[in-house]
Amino acid sequence: MVHITVWNDYICPWAYAARPQTAWLRQRIAELPDSSSVELTVRGFELHPDLPLEGRPVRPGGRLDQVFDHIASECDARGQDFVKPIRTPNSRRVLALAELVQAQHGEAFDDFDEAAARAHWVDGRRLDDDGVLIDLLESSGIGRSLMASIDGEGVELLDDARRVAMEVGATATPSWQIGDLVVTGL
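The opening residue of the sequence shown carries number 101 in our numbering; numbering runs sequentially from there.
All clues stand as given, with none of them false.
Across the chosen pairs, the derived CB separations fall in these ranges:
#1 Ala203 with Asp165: 34 to 40 Å
#2 Asp181 with Gly161: 21 to 27 Å
#3 Glu256 with Ser173: 36 to 42 Å
#4 Arg218 with Asp169: 17 to 23 Å
#5 Ser137 with Asp211: 23 to 29 Å
Source of the hints: derived by calculation from the structure; they are not laboratory data. Each residue gets a CB set at the ideal place from its N, CA and C atoms; glycine is no exception.
Take the sequences, apply the hints, and build the full model.
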């Protein structure tokens, strides 16, 4: 069995721009004669645990705004939807929720994962707003009951995911771990 782990933070512009690479991997795995011999898992990696709970506005013309300009060009070149955010939310709760979805509703994870990325990078929705998180769950066919476990079990799963990432040498997003090999960056 080959295990592939993708380390992601929904607020990382590079991780968003790398989503087509992960989709490409999923497609290649699905085309294998024995696709059950390869397992791909997306795990959360809280890139900025120091980000205030209320998030932070993006300073027009600042370094992050310039990164967004670059990402916009990358996405435009390959037809990937992208709208520059004006605010960076704290991602801890959405990542914890993603870990819960993966653990308890694995079959719905891909839909949730895509909806969360799109919510921030295309629709400009606040990933640190409980109403948005509930919408993401419901649109993925899960229901809101997982909200009660975010700050307990969800955070524990997220902290464990980050610990594992650091142990294997994944120190940023995106990172892909394929067996013992870790590839970091777009």
